[in-house]
Amino acid sequence: MLGIRDQAPPAVRAVLGERFAGEARPRGVHRTTDLQAPEGPGAVLEAAAGLVEAGADTLLLACTGLNTIGIRPLLEDRLGVPVVDPVLAAGLMASYTRG
10 MLGIRDQAPP
20 AVRAVLGERF
30 AGEARPRGVH
40 RTTDLQAPEG
50 PGAVLEAAAG
60 LVEAGADTLL
70 LACTGLNTIG
80 IRPLLEDRLG
90 VPVVDPVLAA
100 GLMASYTRG
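Under this note's numbering, the first residue of the sequence shown carries the number 10, and numbering increases by one thereafter.
Simulated from the structure, these hints should not be mistaken for lab results.
Note that CB positions come from ideal geometry on N, CA and C, so glycine has one too.
There could be a bad hint or two in this list.
As the list claims (entries may be wrong) - Label pairs and their computed distance ranges (CB to CB): (1) D15 - G51: 15 to 21 Å; (2) A99 - G26: 19 to 25 Å; (3) G51 - R107: 37 to 43 Å; (4) P19 - A46: 26 to 32 Å; (5) A103 - H39: 17 to 23 Å; (6) R107 - D43: 33 to 39 Å.
Can you make the complete structure from the sequences, with help from the hints?
Structure, rendered in structure tokens:
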């Protein structure tokens, strides 16, 4: 789980259970606006790479600010793992309810 807090939300841990591999906050990022700083995307990539090196086979973005900076395609291209974007996932689920 990649987010701007030091710990994953309890709901994330509850849903993933033993599939939860770890959590990371990019260095220097404490607010969503920090993600938009010039060093923001690089810090996100570094934190995500650490999760993959530790055994994560999928990344979950736990901050909508990560969607705002459009980081998902970069992470998938550079790290070779699927990345779940909460904004896109919520939109997909909403589209299913509309039939």
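So the hint says 15 to 21 Å: do the beta-carbon atoms of D15 and G51 match that? Since the Cβ atoms of D15 and G51 sit about 20 Å apart, the hinted range of 15 to 21 Å holds.
Taking the beta carbons of P19 and A46, is their distance inside 26 to 32 Å? holds, 29 Å
Could you see if the CB distance from R107 to D43 stays within 33 to 39 Å? holds, 35 Å
Taking 19 to 25 Å as the stated bounds, is the beta-carbon spacing between A99 and G26 within them? For G26 against A99, whose Cβ atoms are near 21 Å apart, the range 19 to 25 Å holds.
Taking 17 to 23 Å as the hint, is the beta-carbon distance of A103 and H39 inside that range? Because 30 Å falls outside the window, the suggested range is violated.
Is 37 to 43 Å respected by the C-beta to C-beta distance linking G51 and R107? holds, 38 Å
In summary, the one numbered hint that this structure violates is 5.
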